[in-house]
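Enquirer: Chain residues, written in single-letter form:
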Amino acid sequence: MKKRINSFLVHLELIVVALFVLIPIIWIVMSSFNPGDSLASSSLIPKRFTLDNYIRLFKETNYLVWFKNSFLIAALNAIVSVVLIMITAWIVSRFNFRGRRSGLIGLLLLSMFPNFLSMTALYTLYLTMGLLNHPLALVIIYAAGAIPYNVWLVKGYLDGISKEIDEAAYIDGCSYFSTFFRIILPMSKPIITYCAVSQFMLPWMDFIMPSMLLSTDNDNTTVAIGLYNMIAGKENDKFTMFAAGAILIAVPITILFIVFQKYLVQGVAAGANKG
Amino acid sequence: MTKRSSSTILSCLFWGSGQFFIGKQKAKGLLFFVAQILLFGIELISGYWFNFFAGQIPDFQIRLHGGYFTRGIWGLFTLGTVPGEDHSTYLMINGIMSLIFLIIFLGIYIWNIVDAYSTGKAIDDTHTYLSSRAYGKKSYQKMFPYLVLTPILFVVLYIVVMPIIFSVLTAFTNYNVNHLPPANLVKWVGLDNFSKLISIPIWSQTFLIVLAWTVIWAFLATFSTYFLGLFQALLINSKCVKHKSFFRSIYILPWAIPGMISLLMFRNLFNGQFSPLNQLLLDCGLIHSRIPFLSEAFSAKITIVAVNLWIGFPMFMVMLLGVLANQDPTLYEAAEIDGASKFQIFRRIKLPLLMKATAPLVVMNFVGNFNGFGFIYFLTNGGPNNSSLQFAGDTDILISWIYKLTLDQNMYNMAAVLNILIFILVGVASYWNLKNTTAIKEM
Numbered sequence: 001m002k003k004r005i006n007s008f009l010v011h012l013e014l015i016v017v018a019l020f021v022l023i024p025i026i027w028i029v030m031s032s033f034n035p036g037d038s039l040a041s042s043s044l045i046p047k048r049f050t051l052d053n054y055i056r057l058f059k060e061t062n063y064l065v066w067f068k069n070s071f072l073i074a075a076l077n078a079i080v081s082v083v084l085i086m087i088t089a090w091i092v093s094r095f096n097f098r099g100r101r102s103g104l105i106g107l108l109l110l111s112m113f114p115n116f117l118s119m120t121a122l123y124t125l126y127l128t129m130g131l132l133n134h135p136l137a138l139v140i141i142y143a144a145g146a147i148p149y150n151v152w153l154v155k156g157y158l159d160g161i162s163k164e165i166d167e168a169a170y171i172d173g174c175s176y177f178s179t180f181f182r183i184i185l186p187m188s189k190p191i192i193t194y195c196a197v198s199q200f201m202l203p204w205m206d207f208i209m210p211s212m213l214l215s216t217d218n219d220n221t222t223v224a225i226g227l228y229n230m231i232a233g234k235e236n237d238k239f240t241m242f243a244a245g246a247i248l249i250a251v252p253i254t255i256l257f258i259v260f261q262k263y264l265v266q267g268v269a270a271g272a273n274k275g
Numbered sequence: 276m277t278k279r280s281s282s283t284i285l286s287c288l289f290w291g292s293g294q295f296f297i298g299k300q301k302a303k304g305l306l307f308f309v310a311q312i313l314l315f316g317i318e319l320i321s322g323y324w325f326n327f328f329a330g331q332i333p334d335f336q337i338r339l340h341g342g343y344f345t346r347g348i349w350g351l352f353t354l355g356t357v358p359g360e361d362h363s364t365y366l367m368i369n370g371i372m373s374l375i376f377l378i379i380f381l382g383i384y385i386w387n388i389v390d391a392y393s394t395g396k397a398i399d400d401t402h403t404y405l406s407s408r409a410y411g412k413k414s415y416q417k418m419f420p421y422l423v424l425t426p427i428l429f430v431v432l433y434i435v436v437m438p439i440i441f442s443v444l445t446a447f448t449n450y451n452v453n454h455l456p457p458a459n460l461v462k463w464v465g466l467d468n469f470s471k472l473i474s475i476p477i478w479s480q481t482f483l484i485v486l487a488w489t490v491i492w493a494f495l496a497t498f499s500t501y502f503l504g505l506f507q508a509l510l511i512n513s514k515c516v517k518h519k520s521f522f523r524s525i526y527i528l529p530w531a532i533p534g535m536i537s538l539l540m541f542r543n544l545f546n547g548q549f550s551p552l553n554q555l556l557l558d559c560g561l562i563h564s565r566i567p568f569l570s571e572a573f574s575a576k577i578t579i580v581a582v583n584l585w586i587g588f589p590m591f592m593v594m595l596l597g598v599l600a601n602q603d604p605t606l607y608e609a610a611e612i613d614g615a616s617k618f619q620i621f622r623r624i625k626l627p628l629l630m631k632a633t634a635p636l637v638v639m640n641f642v643g644n645f646n647g648f649g650f651i652y653f654l655t656n657g658g659p660n661n662s663s664l665q666f667a668g669d670t671d672i673l674i675s676w677i678y679k680l681t682l683d684q685n686m687y688n689m690a691a692v693l694n695i696l697i698f699i700l701v702g703v704a705s706y707w708n709l710k711n712t713t714a715i716k717e718m
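Protein chains in written order, with this note's numbering: chain A, 1 to 275; chain B, 276 to 718.
Because the hints were derived from the structure by calculation, they are not lab data. Keep in mind it's a predicted model, so treat the numbers as computed, not measured. Positions of the beta carbon are idealized from the N, C-alpha and C atoms, including for glycine. Just so you know, nobody snuck in bad clues.
With a straight-line cut-off of 20 Å between C-alpha atoms, the simulated PhoX-like cross-links for lysine-lysine are:
1. A:Lys262 x B:Lys519
2. B:Lys413 x B:Lys299
3. B:Lys417 x A:Lys163
4. B:Lys514 x A:Lys2
5. A:Lys2 x B:Lys617
6. B:Lys517 x A:Lys2
7. B:Lys514 x A:Lys3
8. B:Lys617 x A:Lys3
9. B:Lys519 x A:Lys3
Partial list, computed: chain B residues near chain A (C-beta under 8 Å):
10. Lys417
11. Pro420
12. Val423
13. Ile427
14. Val431
15. Pro438
16. Gln507
17. Ile527
18. Pro529
19. Met535
20. Asn546
21. Phe549
22. Val593
23. Gly597
Looking at chain A on its own, in the form it has when it is part of the complex (with noise of 0.2 Å):
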């Protein structure tokens, strides 16, 4: 009886937290379905469905030009990223180097700078060199600024790696990057898509970057920046476009972190320990 019981407050508990967690999610996607414009007139059980604010949202606003800026950031970081990235992580693993301690602890300390911190510098560089409203401009400072903690990363993985199998590779008369190609990066997938999945996230909300370097005119900016436009008024009266839009975009990443979470929790746990 007592089991019982015990087993059925922990439901309780676990059902009660699970509509914690539920209902400003149903209410949001609900939002995005309801007859009219403003944050009032949205109720959590819509009295009629509707898509026209998915209608509006491509009507009214630039949202697929928006769409496309973010994926072609999010897509072009994501490659040169993970090249960035694996080969550093792979000479600083591999590779006994002077320089090469004092070099990493340089990373270490780069990475603990928040690096938004240098945008008024950013801002001038990318004035100075004409790169100001181009939104594919943005990867460089993605990817460099991916650079410090993810390679600490990576290189606590390519560690666990046994040095032997490259050995027997080199003896087997293949080159430096033949090894690098054929041993090293088929052998760490997992790596790799973390640093690929996480740097194809991080874009499409990042906001600091592109509200700096990338003018509020509609057709240069990201879909992080055209949300935020819409509801950062006093007036509210697209709030329900803004549910859409937010929908659109929220679901497609929600799906591609379930689907990697795996990686994503194994990333997330050996940055914590730096590998």
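Chain A is already provided as a structure; the job is to place chain B on it using the hints.
Expert: Chain B only, in chain A's frame:
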């Protein structure tokens, strides 16, 4: 004269010439010489040195006629001398970069001399000449890491290192709204900004109040999420729960949904005027007037911590579930045989093990919350405004205050001072976190 001294002296003057003439290593000598040509070539061509030597420029000024390096260093030291023409921040950025390049060239120069000496010494000792090719083969292995890393190093130098140096240096200037280039010049002011932060009451008060809230917030945020995560993980893991993965996949949602979307969603849910939550509570008769969730200092702070709890607990829950799954059950069985009660097992064995396994994660999370810009900015914008604070609202943490000082007030110098302070705080915490990990020890 021994080969080692003649080779060294030659290479001191003309890079690589010792290796070229004395050591008979033509390719290597040429490479060093190319580096020297580059250094002087860039300087001479980017400046007006030829015209100067030809006597065409009577009043030679580095500001106008210097090359990339001399003008860069001049700019870094003076930050410009003619208002309206010299752009202080450009000069500073160029100065930092030319200084970095000069240091790199200095490194090559020293390497060249050391190499000339050792090449000469090898000839003195063995009376045989090592060809460039043989040297190249020998040093390919040594050089390979540098060759691959150099391009990446340049990217990191430009995009990561230079901005940080810039931001640190800004703390020692008067770069603010009254001194905005190009109309005005920025000047070096030494430690004035630091003493301003300490001695001017409104600055020091704001700093202390914001810092106190930042620390409280980081503590509350980290530990509330940790303990809810722990609690849920233990409950899900208890024997009587059948649908573990069902609950787990619901709880993971707040972690999976992009943070900015969740935060903006809550900002609307807790909106003081139109909040559907307030409406619901009013309709149920639970409250009689609308709760100012985000527009009154104390309730806003509570709301922020609560929202963070919603967003943050899944991460710890998932991590702790992972740790629980990997635990050795025999440990608990042994304790049970020894007569430990369930509570004792939990208190004395399970909890310490879990804490130990997740300690680095907690510190990392703490640092993340300390700099948790998004939580503050997207939920309250730092508001409600507080006129007794210098450009900060009641819920502003250091990093969002810095953001406001930079973007709204153009007080770059004060922002940079705070920046340095954050860096020291975060650096100490992270160092303490990592100093005993294997990653550092085995580096």
